[in-house]
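Sequences are here, hints too, so could you generate the full structure?
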Amino acid sequence: MSTKNKRHKEIIKKIQNIMKEISNDVLIGKKMPSLEISKVGYDNTFWSEKKKMLTLGEKKVIISPNSTKKIPTFSQYLVMANAIRKLVDEEMESTIRGMYYATLSTVGDEKNKEKFWRSQEDSDDAIKAVELITGIPREEFSVTSKPKGMISGPITLSVGGDIIDCNLGSRATSQLIPTNISDVEIVDVKADLVMVVEKDTVLNNIRKSGFIQKYNAILMTGSGEPDRATRMMVKTLNEEWKKPVVIFADADPWGLGIALRYKIGSESLSYDSDRLVAPNAKVLGMMFSDIYDYNIPEVARLSVTTEDINRANDMKKKPWLQGKQWQRELNLFLKKKEKCELDAFFKHGFKYLAEQYLPKKLREAGVI
Amino acid sequence: MKINSKLELKYQKKDSDTHTPHHLHKNPKIKYNKKAESEFFVDNSALAGFTGERILYMAIRELIENSLDSCEVHHILPKISVSIKQTDIENDLWTLSCQDNGIGINSEKVPVAVCSFLTSGKYVEKQQRGLFGVGLKMIAAFSTKDTDKPIKVWSKSIDEDSEYYYELRTDITTNKPIVLNKKIVPKMENIIKDKHGFKIVATLRARLSPITKNKIYDYISQTSIVNPYSNLIFENDDGKIIFERRTDIMPDPAKEVLPHPADMDLQTLKKAILNFSNQKVSIQTILSSSFQKLSIEKAREIIRASDIGNKLANLFSESDLIKVVNVCKLMKFQSPHIDHLSPIGEKILTTGMMSEYVIIHNKDQQLKSGNPREEANNENVRVLKPALTSYSSRSIVINNRPTIIECGIAYGGDINSFKLYRFANKIPLLYDEGSDVAREVVSEVGINKMGITKKEAKEQFANDQNSKSDRAVELLPLHIFFHICSTKIPYKSAGKESIASEGEMKKYMKFCLSELYRKVSAQIRRDLKIKDDENRLKLYKYYIPLIVDAVSDSIKVDRTKLSELFVEIAEKHVKKEITPTQIIINDNNQINNKSKKMITVKENHSTTENKKTKINENESLKNFSKRKDFRRKKIEKLTIDDFNRR
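Going down the list, the sequences are from chains P and G. Reminder that position 315 of the first sequence reads as 315 in this note's numbering, one-by-one numbering, no gaps. One gets this note's numbering by counting positions in the second sequence from 1 and adding 368 to each.
No lab work stands behind these hints, which were simulated from the structure alone. We put the beta carbon where it would ideally sit given N, CA and C, even for glycine. Among these hints, one or two may not hold up.
Stated by the list, open to error - Partial chain P-side listing against chain G, Cβ under 8 Å, derived: (1) N5; (2) M19; (3) I22; (4) S23; (5) I71; (6) R85; (7) Q120; (8) P319.
Quick look at the structure:
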């Protein structure tokens, strides 16, 4: 027991406090138990000028088993909270599917027997709710999802005591970023900079070109929408290890959105921005103006959808994109109605991206 | 005839021999034959609905309708017993019999009334079930055509003292009855025990599919709904079912009325003049005494307007008369009388709806007894008692014909599913529901008029039986009744099974139904509330142990105490909101119980019940606004779900 890490004890304590609240409501307050939790979503997410990131507002909601619909939901949340407490207590690890199986049961009598979970979706929702109620991200519960973030470069990780050197020197492989955050520790970082790209295909191309060795860089990708582990890694490298972070994503509103996920956070996880967001990261590309500055041929440009246009118009109003440069870029996009993927640089040759475009951009930004 | 057909054969042969095209013949002979009415109807039996599967159903229907008409015309409480039994399985022979206590048929007229097509005492302008004088004759003709058995008839007419017995067959080629036997039944051996009545026994060759058999059951039980003042006994090979009389109140019999002038055509006008052919009267007098809503002043105005001068009525030419008809078509008259219509009325329909009979088949019983020939009665009737009934009606004029729409609704109680009942002139309509105007009306009037949303209907009322239906209204425990009466029902097809919407009929049917929906809304909302409460209590029962487990697993706590207190709180939480409404429900049940015992007193009660519904309507409004608040809260709390969706 004494080996149990401090954070684990905190988590267990937090869940126990919640259970205590509920039993107090019933036993002492003689009332329907209820839990007050922070409201999550776009209408309770605010831009903090001071922190330069999205933060959670003051709005609260009350969860209580007081209606037909909420009785099952409330008990689902509690059953899941208890299961998570057990998982942490036993120092085990589970996927979300594992949690679903661990809590499977039926409710009702012989006549009306129903499944406790209609599907795994219900149990996934309950996990999210426990995150919300406790304010602790699921990775710390040791409830994990499949890792999809990747990392390459001069960095050494310790995962539950096993040392993983991400600089294998062969240029041939990357490491998956482990999702069981509580087990991961960064042992050493020898790099000068961290470069995050949107997709793994682009990462592979850059790695193969010898970029890591030439610029002593760490390459990372979230493979699309980054998971928490990837974002936390970026933040830690940027703030604890004081490494400059640059981000490259496709030149479309979607890609820009992903790049900003690292830099300012997201609405759905705004309650955890403090642990996920790296406000000092620099979004360097791919700019809409790069399409024309680097002569991406017309065949490699993509036409926009109405959704893209709506998104761009929406972005133009965001406080974090009020800088002159961003407004110029978005206006250009809205005017030209063209977008482009980073892969389009391959049209200029397979090494163009890693050997021409990226170094030029980094130099312009003063990173190298 | 025979020679004729041979000739035709020859023609055809000639054709094929010489290969001469048909049209090159100089004198293709067309023979014009007169066909007897009986022959025509036997050949075109579909016109009267006598087709294949439906023969037995139609026969039963015609017999019952004739009996009911025969009773109602003299305000006699009907007592009808019908039986249908298979007498010869190999040859598909069925023996039908029907006995009533109606006015009977004068012994002189019996053979013609039974056998000769288009002979009827019903060719007058008033609402009756049968109109054409075809049904009974059809049974006689089919019996003659397919079997060697005579039609047996016993008749004790209201204007005769003795009971007469006949054995009859129809001469199909001449439309004339063949009397095989006729005698006066000695008083002691009278079959008809009442003062008057009629009994017929006929043998038909037909097949009875299970579907048709069910239609016969439906027909009889539905007939008992609109004729709760009749005593119906139905017997078949499965047993005997008795539909008892539930009220002594009968609808006023329809009166014969004169035609409405806007409905006039050359033929009716000529007929009217012909009626006065022996008297020297002016055309104005004929008009005013042959048509309704036509004063002598109005008649003068018509003649003046048609500009045909003044002479003796029988001296006018046809073109003059056409002018009169045309003037009448354009002129404004008062709305036609409705005396010739006989609606069911609120009291009688309510009685029918309050005590709806359903037939129950005891298949198990037959298996248990092992011997179906034993006198085991395998069918029975059960009375459905709804929690609430309501009635509304409208009188309208469609194409100058007055039409009465009656609509009834029975909700809850023993009723556990949706059903639409359609009646035309008190006859149940069983086929072609999909194309009936009533069906359209039901799907076009929104159930939100009942203060219930489609979603609520689906959540609270869907069960295994009806969950397949995508129409929300069909999930409700609701029986809807539509009765259309008119001297001319706009049937969609000759089979007289579905009604087309004519003029503003549909619009007014919708009015009626909407009105009734509003009347039952309070009850439905109350039921919803109770269902919701029950569901919640059940959910608490199921889920509280899970919550208690989760809590007691995580922290030290007195399990039993936590569980007991939690259940107590949950019960209080649910009850807090249901106590007041529950009292009202009990109240209503009491009324229903009273009405069960005293049918005659119930009529007074139903009005008080209506008042109560009105009060409750206000209450439901309050509930409704509460619900809105609730919804607002819901939106606030949705955010967790919002979160989950991401």
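- Task: Please flag the earlier hints that this structure goes against, numbers listed from lowest up.
- Result: 1, 7 and 8
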